[in-house]
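Protein chains in written order, with my numbering: chain A, 1 to 113; chain B, 1 to 114.
Be aware that a few hints might be false.
Said to hold, decoys possible - Covered by chain A, according to a simulated footprint, are these stretches of chain B (three or more residues, beta-carbon under 8 Å):
(1) 27-37
(2) 42-49
(3) 103-114
The set of hints was computed from the structure by calculation and includes no laboratory data. Built from N, CA and C at the ideal position, the CB exists for glycine as well.
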Amino acid sequence: AQKVTQAQTEISVVEKEDVTLDCVYETRDTTYYLFWYKQPPSGELVFLIRRNSFDEQNEISGRYSWNFQKSTSSFNFTITASQVVDSAVYFCALRTSYDKVIFGPGTSLSVIP
Amino acid sequence: NAGVTQTPKFQVLKTGQSMTLQCAQDMNHEYMSWYRQDPGMGLRLIHYSVGAGITDQGEVPNGYNVSRSTTEDFPLRLLSAAPSQTSVYFCASGNGGAVYNEQFFGPGTRLTVL
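Could you put the whole structure together from the sequences, leaning on the hints where they help?
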């Protein structure tokens, strides 16, 4: 079975602090894709990043960085120097070879000015 | 391109009524899916389709039907609405198969069942 766990339900940080959002996934497939999406208070879902199971290279994009570790089945997301505009719900998602895309329960991030 | 469109944006139903949530995309995507979003539950997959004429069940399919007669459209039908189906419904589309990329989401439909 496929499963995505985001153990952090809510996180509050003060502006300019760094914050890491955790994602742990379960799958028996050897080929799979992992995603992060952002849902700001306005409600739309915004794609942030995609990783496939053969690409463990970590990535930095501006203030965002991602740490993919197959050994621990984790795909964590870090925001450096957080800003109020980063306040949102962040979802981790898993797509397997059966084409199902399963989402985690989400982590609500509040950045306090 | 309009992307993924959903209608209606809001809907109130009475228990037992039926209705169809519409979803259309103009990006020629093979993959389309329906999710429901409830507080604390994230997005749960209801049904999905990997191409016209092909549909499959997701995590929470009970009470919902889908069909995919064209690449562009993927309607979601509630045959007999129940209060437990009160939720925000999102439709999404994306490339399928070996060139799978991210999903593009519609703006959502907020459904209340009384």
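Here's how the hints hold up against the structure:
1. Coverage of the region 27-37 of chain B by chain A holds in this model, with 3 residues showing a Cβ closer than 8 Å to a Cβ of that chain against a need of three.
2. Given a C-beta distance limit of less than 8 Å, the hint that chain A covers the region 42-49 of chain B holds, as 5 residues qualify and 3 suffice.
3. Counting residues of the region 103-114 of chain B whose C-beta lies closer than 8 Å to any C-beta of chain A gives 5; at least three are required, and the coverage claim holds.
Checked against the numbered hints above, the structure breaks none of them.
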